[in-house]
Amino acid sequence: MKAPLHALHAHELRAAVVGGEVSAREIVEAALARIGAVNPRLGAFTDVTPERALAKADEIDARRARGEKLGPLAGAPFAVKNLFDVEGLPTRAGSKINRERAPARCDATLIARMEAADAILVGALNMGEYAYDFTGENAHDGPSRNPHDLAHMTGGSSGGSGAAVAGGLAPVALGSDTNGSIRVPSSLCGIFGLKPTYGRLSRAGSFPFVASLDHLGPFARSVVDLAASYDAMQGADPDDPAQSPRAFEPVAHAIEAGLDGLRIARLGGYFAHGGEPEAHEAVDRVARALNVERTVEFPEAERARASAYLITMVEGAALHAGRLRTRALDFDADVRDRLIAGAMLPGGWVVKAQKLRRWYRDRVLEIFRDVDVVLAPATPTRAPRIGQKTFVLDGQEMLVRPNMGLFTQPISFIGLPVCAVPLWTDGERLPIGVQVIAPPWREDLALRVARVLERAGVARAPVGAAA
Amino acid sequence: MTDSGFDADALIDAMLPLLGLALPEGSRPVVKLHLETAERLARLVVAFPLDDESEPAPVFTP
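So the sequences go chain by chain: A and B.
Okay, so the first sequence: first residue is 1 according to the working numbering, each after it adds one.
Okay, so the second sequence: first residue is 468 according to the working numbering, each after it adds one.
Isolated chain A (complex conformation) (with noise of 0.2 Å):
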């Protein structure tokens, strides 16, 4: 082994596992370790689960001593954003008010998918509350911190999930993207991110915020690590009604095979204006690495982004519409604000945005018969500190919590696949994001330009200095 463990990648870990060079006991020993002297100053974990994961380590050591093959994730630590049951903990969901819940019975379905690739769940993970949120910030845990500069944030509300692999405390982490959850985080941490297609992965034993918009993807420092656990992950589930029926689709292979045939092109529109120079630079050196000299345009992405705002603020009120009753003041200000106020929008605002959602995705299915894969920015700016509230795009002064999503709201509102890859620039400690989007389906395609950037050195994701 080349670098300390919490530096390997799953994929490097696993090999070693399966090698003898090092046993998963050790891997969860010393991940452990990482985390008691690191997780002070990230606020990324928010639950340790050190029992049980010794455990698994131990069931996965003594296979390997019995000949028994190993799981494609085998001895890669992982964790969850705390909106994931986890047998035996209350789903908190980044809330005060939920800590009071029973202890789940079980673990989410994609839990125990990854467990079944003998992956081992180490903990969960801070967030936003209730997933209400861009920054990371959180009123009752205190803030998720950026590895890279601990002043900033993380982004959210995958908050923690962002914080405890670019810090290097698990290989790989879940969390949910509506908005921009995924991706954004993914953009201010410097790490790879995947937001599968709407109706992809089974949202089953996580609690919801918009039904309509909710996506759960895993994030990881290497593109393959976030292949092989994408591929863990799929499947039908019952227990999953918005789930669509879609067969197994693995990608670990397709991902290697280069740019061949791909037709890719750049959004323009909306999506060439609007964030710092810095987010459009960024979709300038992928587009240069790519070859890329075709721009398209999603008409009437600003209509879009105000549905998926509006849909968001309506479920999301009436998700919490008790709560916000009986239990007001036991939540974030900031979050109860905005729900407050989306229990007051008219219904038909919401069946308009609904009806909107669906014309803007015939059209963007005609836009992709001629394109493979398209580019875009994944945040207006890097990781504003922690603590700011506004900032100023375009020279308009706007509200950062409601206003990272920017670029990720027209994308993820028709429910697109996209991988978050982020990009460096020399002398600047944080990093930023571009998305590359694909049609429905076709993670595989996003995955797989994700992994050319990767394998060119155009996208990295170190682990953070500050960690």
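Heads up, a few of these hints could be off.
Stated by the list, open to error - Each pair of labels, with its calculated beta carbon distance range: (1) A:GLY347 - B:LEU500: 17 to 25 Å; (2) A:SER244 - B:LEU500: 31 to 39 Å; (3) A:PRO299 - B:GLU522: 14 to 22 Å; (4) A:GLY387 - B:VAL526: 37 to 45 Å.
Calculated from the structure, these hints are not laboratory results.
Ideal Cβ placement from N, Cα and C applies to all residues, glycine included.
Model the placement of chain B on the given structure of chain A, informed by the hints.
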């Protein structure tokens, strides 16, 4: 009152009893800001022409 004539205070006062909600101290200006943002975005959505026959995105499968 916004430029479009939207009075968020009036909406808040009308809706609170209907929803059974009380505004926590200091919340009103923030809720107003969120309502005004939503109203601005909704104008974009509502103004977009779509046929009566256009279907909303979610489809229920019995």
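Outcome of the hint check:
The hint said 17 to 25 Å for the Cβ distance between GLY347 of chain A and LEU500 of chain B, and at roughly 22 Å that hint holds. Remark: the range hint 31 to 39 Å for SER244 of chain A to LEU500 of chain B is upheld by a beta-carbon distance near 37 Å. A hinted range of 14 to 22 Å for the beta carbons of PRO299 of chain A and GLU522 of chain B is consistent with their spacing of about 19 Å. In this structure the hint that GLY387 of chain A and VAL526 of chain B lie 37 to 45 Å apart at CB holds, the actual value being about 43 Å.
When held up to the earlier numbered hints, the structure conflicts with none and fits them all.
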